[in-house]
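Novice: Sequence:
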Amino acid sequence: MREKMNVVSATITKEKELHLIVEKEIKIADFKPLGQMLVDSDDVSFIYLLEKNEQYTYLVMKEELWNLLKDSLAEGLPVFLKNDAGQCELPSFVDELEYLIENIKGNGNYGETMVTKVEALF
Numbered sequence: 001m002r003e004k005m006n007v008v009s010a011t012i013t014k015e016k017e018l019h020l021i022v023e024k025e026i027k028i029a030d031f032k033p034l035g036q037m038l039v040d041s042d043d044v045s046f047i048y049l050l051e052k053n054e055q056y057t058y059l060v061m062k063e064e065l066w067n068l069l070k071d072s073l074a075e076g077l078p079v080f081l082k083n084d085a086g087q088c089e090l091p092s093f094v095d096e097l098e099y100l101i102e103n104i105k106g107n108g109n110y111g112e113t114m115v116t117k118v119e120a121l122f
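Our numbering puts the first residue of the sequence shown at 1, with every later residue one more than the last.
A portion of the hints provided could be inaccurate.
To be verified - Taking lysine-lysine and the DSBU-like style, the derived pairs with C-alpha atoms no more than 30 Å apart in a straight line are: (1) Lys62 <-> Lys32; (2) Lys117 <-> Lys14; (3) Lys32 <-> Lys16; (4) Lys24 <-> Lys52; (5) Lys14 <-> Lys27; (6) Lys27 <-> Lys70; (7) Lys52 <-> Lys16; (8) Lys62 <-> Lys4; (9) Lys16 <-> Lys27; (10) Lys14 <-> Lys4; (11) Lys62 <-> Lys16; (12) Lys14 <-> Lys62; (13) Lys52 <-> Lys27; (14) Lys16 <-> Lys4; (15) Lys4 <-> Lys117; (16) Lys32 <-> Lys14; (17) Lys16 <-> Lys70; (18) Lys117 <-> Lys70; (19) Lys24 <-> Lys62; (20) Lys32 <-> Lys52; (21) Lys27 <-> Lys4; (22) Lys105 <-> Lys24; (23) Lys27 <-> Lys62; (24) Lys4 <-> Lys24; (25) Lys27 <-> Lys105; (26) Lys117 <-> Lys62; (27) Lys117 <-> Lys105; (28) Lys32 <-> Lys4; (29) Lys4 <-> Lys105; (30) Lys70 <-> Lys4.
Hints listed in this document are in silico derivations from the structure and should not be mistaken for laboratory results.
Construct the complete structure from the given sequences, taking the supplied hints into account.
Specialist: Here you go:
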């Protein structure tokens, strides 16, 4: 089974960056961002792929974070994974998320709930 890492909060900084905050116990330096995103329709979440020890880890962004994701897309902000122990930039985040959003709209393959929520916000 793939490991999941939940984003516990997010913030747009005065430097115009989106910071996705994870638990402080996580050593961010152990993870390699892969520049790809997926959707978890059952959990109504966007997922960014990370790699650790040649295994995938899902960085999960649940619906309560979507307003900040929308704001960061509108401004084209760089996105960082962050906690007290460190940070790393998540390449291709904006492009991947924009692609997923456009693909989800009107596409029943993602499930009615996911489509409805994405269409309502984005």
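Novice: Need the status of pair Lys32, Lys4: alpha-carbon distance at most 30 Å?
Specialist: Distance of about 14 Å is within 30 Å: holds.
Novice: Hinted pair, alpha-carbon criterion (30 Å max): Lys24, Lys52. Please report holds or violated.
Specialist: holds (17 Å)
Novice: Under the criterion that the straight-line Cα-Cα distance not exceed 30 Å, is the pair Lys16, Lys27 satisfied?
Specialist: holds (24 Å)
Novice: Is it true that the CA of Lys117 sits at most 30 Å from the CA of Lys70?
Specialist: Answer holds: Lys117 to Lys70 is near 13 Å, not above 30 Å.
Novice: Would you check the hint for Lys16 and Lys70, treating anything up to 30 Å between C-alpha atoms as holding?
Specialist: holds (14 Å)
Novice: Please verify whether Lys32 and Lys52 have alpha carbons no more than 30 Å apart.
Specialist: Holds - the C-alpha atoms of Lys52 and Lys32 are around 6 Å apart, at most 30 Å.
Novice: Starting from Lys52, check that the Cα of Lys27 is at most 30 Å away, please.
Specialist: With Cα atoms ~11 Å apart, Lys52 and Lys27 stay inside 30 Å; holds.
Novice: Within 30 Å, alpha carbon to alpha carbon, are Lys117 and Lys62?
Specialist: Holds. Lys117 to Lys62 sits at ~12 Å (cutoff 30 Å).
Novice: What's the verdict on Lys14 and Lys27, does the C-alpha distance respect the 30 Å limit or exceed it?
Specialist: holds (25 Å)
Novice: Is Lys62 close enough to Lys32, meaning Cα to Cα at most 30 Å?
Specialist: OK: Lys62 and Lys32 at ~21 Å, within 30 Å.
Novice: Given the hint that Lys27 pairs with Lys105, does the C-alpha gap stay at or below 30 Å?
Specialist: With a Cα-Cα distance of about 35 Å, the restraint between Lys27 and Lys105 is violated, given a limit of 30 Å.
Novice: Next pair to validate is Lys32 with Lys14; report whether the Cα-Cα distance is within 30 Å.
Specialist: Roughly 26 Å separates the two Cα atoms, so the pair holds.
Violated hints for the displayed structure, listed by number in ascending order: 22, 25.
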